[in-house]
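Student: For reference, the chains in residue letters:
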Amino acid sequence: MNGIIEGIYNFYEGMGMPADLLPLLPFLTVIALVFIVIIVLMRMLVKKKIMHTKTASFYMFVSVWIIGFLLFTVGPMIFSFYISFNKWEVVSDPQWTGLDNYRMLFKDTLFYKSLSVTFYYTLVSVPLQVILSFAIAILMNLKLRGIYIFRTIYYLPTLVQGVAQMVLFIWIFNPNVGLVNSLLRLVGIEGPGWFSSPDWSMPAVIIMSLWTVGGNMIIYLAGLSDIPQSLYEAAEIDGATAARKIWHVTLPQISPILFFNTVTSMIGAFQTFTQGFMINGGPDNSLLFYAYYLYQNAFMWFKMGYGSALAWVLFVIILVFTAIVFRSSALWVYYETEQNGGRKRRVRQKRA
Amino acid sequence: MSVKKERNSAKKKWHWLAYLLLLIGSVAFLYPFVWMVSASLRSLEELAVSGMSIWPEHWRWGNYAKALTAFPFPQYLLNTLITTVLPIIGTVLSCSLVGYAFARLKVRGSGFLFVLVLSTMLLPGEVTMIPQFILFKNLGMLDTLYPLIVPAFFGSAFYIFLLRQFYSRLPIGLEEAAIIDGCGYFKIWRTIFLPLSKPALMAVGVMVFMGSWNNFMGPLIYINSDKWKTLTLGLAGFQGTYATDTNLLMAAAVVITLPCILLFFTSQKAFMEGLTFSGSKES
Numbered sequence: 001m002n003g004i005i006e007g008i009y010n011f012y013e014g015m016g017m018p019a020d021l022l023p024l025l026p027f028l029t030v031i032a033l034v035f036i037v038i039i040v041l042m043r044m045l046v047k048k049k050i051m052h053t054k055t056a057s058f059y060m061f062v063s064v065w066i067i068g069f070l071l072f073t074v075g076p077m078i079f080s081f082y083i084s085f086n087k088w089e090v091v092s093d094p095q096w097t098g099l100d101n102y103r104m105l106f107k108d109t110l111f112y113k114s115l116s117v118t119f120y121y122t123l124v125s126v127p128l129q130v131i132l133s134f135a136i137a138i139l140m141n142l143k144l145r146g147i148y149i150f151r152t153i154y155y156l157p158t159l160v161q162g163v164a165q166m167v168l169f170i171w172i173f174n175p176n177v178g179l180v181n182s183l184l185r186l187v188g189i190e191g192p193g194w195f196s197s198p199d200w201s202m203p204a205v206i207i208m209s210l211w212t213v214g215g216n217m218i219i220y221l222a223g224l225s226d227i228p229q230s231l232y233e234a235a236e237i238d239g240a241t242a243a244r245k246i247w248h249v250t251l252p253q254i255s256p257i258l259f260f261n262t263v264t265s266m267i268g269a270f271q272t273f274t275q276g277f278m279i280n281g282g283p284d285n286s287l288l289f290y291a292y293y294l295y296q297n298a299f300m301w302f303k304m305g306y307g308s309a310l311a312w313v314l315f316v317i318i319l320v321f322t323a324i325v326f327r328s329s330a331l332w333v334y335y336e337t338e339q340n341g342g343r344k345r346r347v348r349q350k351r352a
Numbered sequence: 001m002s003v004k005k006e007r008n009s010a011k012k013k014w015h016w017l018a019y020l021l022l023l024i025g026s027v028a029f030l031y032p033f034v035w036m037v038s039a040s041l042r043s044l045e046e047l048a049v050s051g052m053s054i055w056p057e058h059w060r061w062g063n064y065a066k067a068l069t070a071f072p073f074p075q076y077l078l079n080t081l082i083t084t085v086l087p088i089i090g091t092v093l094s095c096s097l098v099g100y101a102f103a104r105l106k107v108r109g110s111g112f113l114f115v116l117v118l119s120t121m122l123l124p125g126e127v128t129m130i131p132q133f134i135l136f137k138n139l140g141m142l143d144t145l146y147p148l149i150v151p152a153f154f155g156s157a158f159y160i161f162l163l164r165q166f167y168s169r170l171p172i173g174l175e176e177a178a179i180i181d182g183c184g185y186f187k188i189w190r191t192i193f194l195p196l197s198k199p200a201l202m203a204v205g206v207m208v209f210m211g212s213w214n215n216f217m218g219p220l221i222y223i224n225s226d227k228w229k230t231l232t233l234g235l236a237g238f239q240g241t242y243a244t245d246t247n248l249l250m251a252a253a254v255v256i257t258l259p260c261i262l263l264f265f266t267s268q269k270a271f272m273e274g275l276t277f278s279g280s281k282e283s
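Chains as they are written, first to last, in the numbering used here: chain A, 1 to 352; chain G, 1 to 283.
For the record, the hints were derived by calculation from the structure and aren't laboratory data.
For every residue, glycine included, the Cβ atom is placed at its ideal position computed from N, Cα and C.
A hint or two may mislead.
Unchecked claim - Here are the simulated lysine-lysine pairs, BS3-like style, with alpha carbons at most 25 Å apart: (1) A:K54 to G:K187; (2) G:K13 to A:K54; (3) A:K48 to G:K13; (4) G:K13 to A:K245; (5) G:K13 to A:K49; (6) A:K54 to G:K106.
To be verified - Quick list of the computed label-pair ranges, beta carbon to beta carbon: (7) A:L41 to G:L194: 21 to 29 Å; (8) G:G184 to A:S255: 37 to 45 Å; (9) A:V316 to G:P199: 39 to 47 Å; (10) G:Q268 to A:L70: 49 to 57 Å; (11) G:L78 to A:R244: 56 to 64 Å; (12) A:G75 to G:P72: 30 to 38 Å; (13) G:L194 to A:L70: 19 to 27 Å.
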């Protein structure tokens with residue numbers, strides 16, 4: 001691949017292209033050629049009546065995504081899988097070592113540490129986030145005056161960028177002058193050192209993660225506003241209390257969104273990076289998040305093979321967890337559209 | 001009538017409780033935020049004793065000037081703008097085109113491809129991160145802004161999904177006349193669907209803005225030289241070198257956050273609608 005790039009590079013250099021553009025030009029050339037080939041091919045297929053105009057257009061339009069998918073997802077995935085069986089420090093050539101990276105991984109104490117840190121964070125913060133954002137959304141869904149102000153206030157923290165958030169919270173959890181310990185002192189408790197203590201740094205990060213549940217809240221709100229009002233009215237006629245209405249109407253109706261938020265929060269939590277990076281893994285590696293450890297290996301120590309192996313293990317873990325949540329979803333997620341769709345299909349089949 | 005009144009008053013009672021809870025919550029959600037702004041306006045000496053108070057004794061606006069000259073702010077801002085605006089254009093164009101194809105051109109294989117699009121949302125970025133880095137390295141694009149811009153032009157699953165949902169809700173008759181007139185599908189997309197989807201595209205644009213403006217890991221991996229650094233990198237570096245100058249650090253953090261907040265307030269409607277779309281069921 002390098003040879004071709006070099007060739008194109010030299011061609012443009014000979015034409016006197018500005019140096020700033022040069023890195024991009026080989027890429028653009030290849031992409032332009034690929035698109036031209038696709039368009040010509042489709043035209044030919046349409047002319048020979050092998051393909052419908054509609055089909056040809058569809059594939060032409062979607063090719064934008066397909067090329068990106070091959071270039072930035074499938075290709076890298078295959079390559080990463082291959083690299084994970086190699087010892088490769090970027091400067092030298094990759095060296096096939098079979099399962100060595102994976103074997104090394106299971107002897108690596110930092111790997112276990114980062115795994116346990118990430119599990120700790122995910123298993124505690126995700127349920128808290130899901131419950132808190134759902135509770136807030138329920139309150140927000142009441143028809144109160146000025147509710148938009150509340151919505152804005154609760155959403156504001158999510159606009160604070162990750163690094164800025166961390167900068168702010170390192171200070172909020174400052175043992176001497178920080179907000180949290182000042183507050184605790186008011187009620188006569190001497191707070192811990194938070195980010196300087198191996199036991200308290202993770203709780204601090206979890207509390208911080210709760211500050212940004214506004215994003216999830218908005219998604220719940222969207223779902224809540226979709227619930228047909230007639231269901232509540234029917235429940236009211238039957239004399240249901242507020243709690244019962246939430247349990248028997250709101251929860252089943254919102255469960256697909258609850259499910260969606262759980263899965264995305266979980267995947268997000270497994271990939272937590274900035275918090276670990278900003279504090280260099282925390283005291284005693286108590287904030288050595290998996291993604292940060294992966295970053296260290298790949299981009300600080302340039303162990304690309306080992307990093308790739310780490311990435312694949314993470315992928316498998318996420319896959320397993322997602323599969324568990326998906327499996328369990330049959331028990332608690334209620335799809336109205338599923339039933340309707342099924343019925344409609346049956347009716348349609350009968351007519352035909 | 002009386003039953004209804006009774007029910008209403010019962011509801012009112014709940015409402016007061018709800019207000020109270022929301023108010024307490026608002027304090028918790030807003031306080032750190034306000035504290036950050038007030039910290040950015042204080043002297044270091046005042047910070048050390050201010051505790052929970054949020055009203056600075058002397059408003060030191062000079063902190064901002066000091067914070068912004070401590071690192072090459074204009075350069076970083078320019079880089080951030082480049083890596084924000086171009087991805088917005090790229091994402092809006094590519095995702096709209098692909099989303100339109102998925103919504104309106106139902107052909108053999110489109111269902112399967114769409115499932116493929118959705119499944120990429122589950123793939124953690126870590127798996128493709130290292131090979132992508134190597135890809136850009138081989139293309140000679142390391143330590144340039146290109147890796148942060150180029151992928152946006154090839155569509156991303158979430159926005160494709162969002163726009164597909166939007167397009168499939170539009171009436172079927174929309175393109176029929178155009179087809180009879182002999183319009184190609186590309187022209188239909190450009191002249192009918194693209195203008196019609198302005199609100200949805202706005203929402204996508206705002207979301208891409210937030211994502212790119214706040215992108216941290218991308219610049220961290222790809223960029224080394226000061227010439228191409230973005231604001232988030234600037235802030236992270238700032239934390240490293242000026243960790244003790246908390247007031248300046250907070251000023252820099254406020255400056256980075258400000259555009260997102262301004263944009264949020266100006267585009268609140270489109271933004272919320274866009275988010276609502278992603279969550280709500282197809283009807």
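Student: All hints, please: hold or fail.
Tutor: Quick rundown of the hints versus the structure:
no. : hint                         : in the structure
1   : A:K54 to G:K187              : holds (13 Å)
2   : G:K13 to A:K54               : violated (59 Å)
3   : A:K48 to G:K13               : violated (73 Å)
4   : G:K13 to A:K245              : holds (17 Å)
5   : G:K13 to A:K49               : violated (71 Å)
6   : A:K54 to G:K106              : holds (8 Å)
7   : A:L41 to G:L194: 21 to 29 Å  : holds (25 Å)
8   : G:G184 to A:S255: 37 to 45 Å : holds (43 Å)
9   : A:V316 to G:P199: 39 to 47 Å : holds (40 Å)
10  : G:Q268 to A:L70: 49 to 57 Å  : violated (38 Å)
11  : G:L78 to A:R244: 56 to 64 Å  : holds (58 Å)
12  : A:G75 to G:P72: 30 to 38 Å   : holds (36 Å)
13  : G:L194 to A:L70: 19 to 27 Å  : holds (26 Å)
Hint compliance for this structure: hints 2, 3, 5 and 10 are not met, and every other hint is.
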